[in-house]
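Work out the full structure, taking the sequences as your base and the hints as a guide.
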Amino acid sequence: MDDLEQLEILSLVSKVTSEINNYMGISDKTIAEFVIAEHANSPDITTFTEKLSEFDFPKSLTESIDRLIKTLHPKWRSTNSADGKDAGNGDDKSKSTTFKGLAIPDKPVEDDLDDTFALLESMAGPGKTSTSRKRSLSPVQKPEKEQRKRSRRSRSRSRSPRRNDDYLFEDEFGRTRSHRPSRDSKGDSQRKTRRDSFDRPPAQEMDDAPVLYKVYDGRVTGVKDFGIFVNLQNVRGKVDGLVHVSAMAEGKVNHPSDLVSRNQEVKVKVMKIQDNRISLSMAEVDQVSGQDFNPSRRLQTGATGANAVGLNGSNGLETGVPVIENNSGNNRRQRKRMTSPERWEIRQLIASGVVKAADYPDLDEDYNAVINGEQIEEEEDVDIEVREEEPPFLAGQTKQSLELSPIRVIKAPDGSMNRAAMQGDVLAKERRDLRQSEAQDKAAKEAAKTDLGQEWNDPMVAPGERRFASDLRQANRGNAMGINDLLGFDFMDPPPTNTMLTALEELYALSALDDEGLLTRLGRRMADFPMDPALAKSLIMSVDLGCSDEMLSIVSMISAVQTVFHRPKEKQQQADQKKARFHDPAGDHLTLLNVYNGWKGAGRNDAWCFENFIQPRSMRRAEDVRKQLVQIIDRHRLKVVSCGRDTTRVRQALCSGFFRNSARKDPQEGYKTLVEGTPVYMHPASALFGKAAEHVIYHSLVETTREYMHNVTAIEPKWLVEAAPTFFKVAGKDGTGMSKRKKAERIQPLHNRFAGEDDWRLSSQRKAGRGGGGTWG
1 MDDLEQLEIL SLVSKVTSEI NNYMGISDKT IAEFVIAEHA NSPDITTFTE
51 KLSEFDFPKS LTESIDRLIK TLHPKWRSTN SADGKDAGNG DDKSKSTTFK
101 GLAIPDKPVE DDLDDTFALL ESMAGPGKTS TSRKRSLSPV QKPEKEQRKR
151 SRRSRSRSRS PRRNDDYLFE DEFGRTRSHR PSRDSKGDSQ RKTRRDSFDR
201 PPAQEMDDAP VLYKVYDGRV TGVKDFGIFV NLQNVRGKVD GLVHVSAMAE
251 GKVNHPSDLV SRNQEVKVKV MKIQDNRISL SMAEVDQVSG QDFNPSRRLQ
301 TGATGANAVG LNGSNGLETG VPVIENNSGN NRRQRKRMTS PERWEIRQLI
351 ASGVVKAADY PDLDEDYNAV INGEQIEEEE DVDIEVREEE PPFLAGQTKQ
401 SLELSPIRVI KAPDGSMNRA AMQGDVLAKE RRDLRQSEAQ DKAAKEAAKT
451 DLGQEWNDPM VAPGERRFAS DLRQANRGNA MGINDLLGFD FMDPPPTNTM
501 LTALEELYAL SALDDEGLLT RLGRRMADFP MDPALAKSLI MSVDLGCSDE
551 MLSIVSMISA VQTVFHRPKE KQQQADQKKA RFHDPAGDHL TLLNVYNGWK
601 GAGRNDAWCF ENFIQPRSMR RAEDVRKQLV QIIDRHRLKV VSCGRDTTRV
651 RQALCSGFFR NSARKDPQEG YKTLVEGTPV YMHPASALFG KAAEHVIYHS
701 LVETTREYMH NVTAIEPKWL VEAAPTFFKV AGKDGTGMSK RKKAERIQPL
751 HNRFAGEDDW RLSSQRKAGR GGGGTWG
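Take the sequence shown: its letter number 477 is residue 477 in the UniProt record's numbering, and every next letter is one higher.
The set of hints was computed from the structure by calculation and includes no laboratory data. Note that this is a predicted model, so its numbers are computed, not measured. Check each hint, because a few of them may be wrong.
Unchecked claim - Only pairs whose alpha carbons sit at most 27 Å apart, straight line, appear in this in silico DSSO-like list of lysine-lysine:
| no. | residue 1 | residue 2 |
| --- | --- | --- |
| 1 | K252 | K569 |
| 2 | K224 | K252 |
| 3 | K718 | K252 |
| 4 | K691 | K665 |
| 5 | K224 | K579 |
| 6 | K15 | K29 |
| 7 | K691 | K224 |
| 8 | K691 | K571 |
| 9 | K224 | K356 |
| 10 | K224 | K238 |
| 11 | K627 | K691 |
| 12 | K70 | K59 |
| 13 | K672 | K718 |
| 14 | K51 | K15 |
| 15 | K672 | K224 |
| 16 | K75 | K29 |
| 17 | K600 | K627 |
| 18 | K691 | K579 |
| 19 | K672 | K627 |
| 20 | K578 | K718 |
| 21 | K639 | K691 |
| 22 | K51 | K70 |
| 23 | K579 | K665 |
| 24 | K691 | K672 |
| 25 | K59 | K15 |
| 26 | K665 | K600 |
| 27 | K75 | K51 |
| 28 | K665 | K627 |
| 29 | K29 | K51 |
| 30 | K238 | K252 |
| 31 | K272 | K238 |
| 32 | K718 | K691 |
| 33 | K665 | K639 |
| 34 | K600 | K571 |
| 35 | K272 | K356 |
| 36 | K579 | K569 |
| 37 | K639 | K672 |
| 38 | K252 | K571 |
| 39 | K356 | K238 |
The following block contains the structure:
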């Protein structure tokens, strides 16, 4: 024993002596040395307590002495450092017993032979299709000029030496490159320029009069309560038309000023021409690209040439992606019924001759339904609640996880300030560890804010520079790799237990895990998409709903960048006006879809981006992400189809993934989340700001002075139950008759809104005196 250890033991004897003196009034070092020796001979604290109880030592004194010896004795310091791993293994065993859902035995890694064959088949399938398509279309695609050039080249053999002037050389990196003389490249560029000049589409012609069912550019000249007046361009003379408020957008529009403003450029479609009065529509035209959503009317009229082509040379029909619109149901019954003020307003317009009664066949739908013997289904107020049932493989574990906390709680020792100062070194070390863990958590949050798609898009990124996503994605990827025992897995930075339980619970709600906690077929597909599970679930469900083309654009816009809009300080008002052109009444996700379609319709031009205050680099990045997602979808043999105008299916697909991020309108202020009841607010930059959206879903929360919802979309509450039946339920369906939210509400009398809250009670009312002192008093 060296001198330092001997000094430490003497200090320990002194501390134990003072502790015994405080409790029992005996100050003897021999007793302290005897107690320390008994502690060394005892295998555990229970045996040590039983030995000292024979000498009438209280239990609190025994525990205090045990704590002092384990803290200050040099033998226990070395033992604690050597047996740290054994204690950790014991903790893991106890956790495995408590949290069985996190300790499911791992599955052996299966042979990847089936996946390899599936990959080869998917790679071979498109090749055969493309080859056959090229062979069938080769006589049509080759212009006459190329055929003459090919025939001339085949007859002239003297040009072959000139063609062989191309040679290969290797650069300093060992890559081979071809070189061609500048004369040939210059000639090719000149021929390409001449060919592009001939292939350029002609400018739009001026029409003598407005053409029925044709799309025109226009400028808003007046905003009224019943609609807007638009001046048509590309028409000779000054021609104005009326866009009624019901024809401005799909759904209900409270006031035209919510969508447009004076002198704003819009795209309209001529619907009816009668007695120099022109009826226009904005709802049937894409306000960004000018695409006609309903080109069948124009095609039925027999319009050809310029009349059959919309703005930007588009005929409204996508040739690459099939459009599947769901018109099997009765659209008139699916729309919301008009209110009495709206009916009165339309009747006044019909009486004044501004519009015709034939334009509003649903004006007297109640009367027509009674005559035809039909029954209009009333819209019921659906109240949604979160289910309290736990997943079967996590039964009895999620409630225990609420008691856990990733924060390390430090409790000061009981007793005088002298004992607290004695353990100052230990407490300082624990505080230092706590600060280090907090710094690591803060660094992890900062890393989570970085764009995860940047490293994913870059194929040459170093392995150390890649960043990992959230614990939710860790759990999903772990199950996909056959790792079910999350407690036994050797994480570099293991997440807290309650975080892993919450992640498994969310994956079960997303249908990625079955009742046994194993990965489902949907979950395996979700693991192949390098994104959050909610986005992957929305993208996969969009294939079944028939809107995968739109969802690909939305997911790529969300995954690639945080925002695509640019708002300089000196041009904030102008930037807001340009951004308002892309706003969709349904929310921000469809607004991003309008931005992508507009950029694509403009030929991916940077000038268009600068004009509309959009970042061109972000758009190109979103295009790259979209191409990679299309490759993953093709590998899974999923179809890419478009829903056309039926954007309701896009919102349903978003709801299937982001149902946990749902909120309900709060009667007092803002919104409240359905899961936790947290108050959240609509961001002023959102397309739904100031709109009456009862239920919404959001992509993320931005915390500044308040918690603002980012990327918000309006939904129907019944979609939540359809998307997650294991997570949500309709309140009152189980026989209770009333939801918890309605039970918590109190009746507020409205007979006098200026009175106090309890002034209506009899106990709060003043009784008039008998001698009033009035005229007859």
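Structure-based check of each hint:
1. K252 to K569: violated, 34 Å
2. K224 to K252: Holds: K224 and K252 sit about 16 Å apart, inside 27 Å.
3. K718 to K252: Holds, at about 19 Å.
4. K691 to K665: Answer holds: K691 to K665 is near 11 Å, not above 27 Å.
5. K224 to K579: holds, 22 Å
6. K15 to K29: holds, 10 Å
7. K691 to K224: With Cα atoms ~19 Å apart, K691 and K224 stay inside 27 Å; holds.
8. K691 to K571: holds, 25 Å
9. K224 to K356: Distance ~18 Å between K224 and K356 Cα, so the pair holds.
10. K224 to K238: holds, 20 Å
11. K627 to K691: Given that 27 Å is the threshold and the Cα spacing comes to 35 Å, the pair is violated.
12. K70 to K59: holds, 17 Å
13. K672 to K718: holds, 17 Å
14. K51 to K15: holds, 20 Å
15. K672 to K224: violated, 35 Å
16. K75 to K29: Within the cut-off at roughly 20 Å; holds.
17. K600 to K627: With Cα atoms ~14 Å apart, K600 and K627 stay inside 27 Å; holds.
18. K691 to K579: Status holds; Cα separation ~17 Å.
19. K672 to K627: violated, 37 Å
20. K578 to K718: violated, 34 Å
21. K639 to K691: Violated, because 35 Å separates the two Cα atoms, which is more than 27 Å.
22. K51 to K70: Answer holds: K51 to K70 is near 18 Å, not above 27 Å.
23. K579 to K665: holds, 25 Å
24. K691 to K672: Within the cut-off at roughly 16 Å; holds.
25. K59 to K15: Between K59 and K15 the Cα gap is close to 18 Å, so the pair holds against 27 Å.
26. K665 to K600: The given pair, whose Cα atoms are some 35 Å apart, is violated under the 27 Å limit.
27. K75 to K51: Holds, because 21 Å separates the two Cα atoms, which is no more than 27 Å.
28. K665 to K627: Violated. K665 to K627 sits at ~37 Å, over the 27 Å cutoff.
29. K29 to K51: Distance ~19 Å between K29 and K51 Cα, so the pair holds.
30. K238 to K252: The given pair, whose Cα atoms are some 31 Å apart, is violated under the 27 Å limit.
31. K272 to K238: Between K272 and K238 the Cα gap is close to 18 Å, so the pair holds against 27 Å.
32. K718 to K691: Distance ~20 Å between K718 and K691 Cα, so the pair holds.
33. K665 to K639: Violated: K665 and K639 sit about 36 Å apart, past 27 Å.
34. K600 to K571: The given pair, whose Cα atoms are some 25 Å apart, holds under the 27 Å limit.
35. K272 to K356: holds, 10 Å
36. K579 to K569: holds, 15 Å
37. K639 to K672: violated, 37 Å
38. K252 to K571: violated, 31 Å
39. K356 to K238: holds, 24 Å
Consistency note: the structure conflicts with the earlier hints numbered 1, 11, 15, 19, 20, 21, 26, 28, 30, 33, 37, 38.
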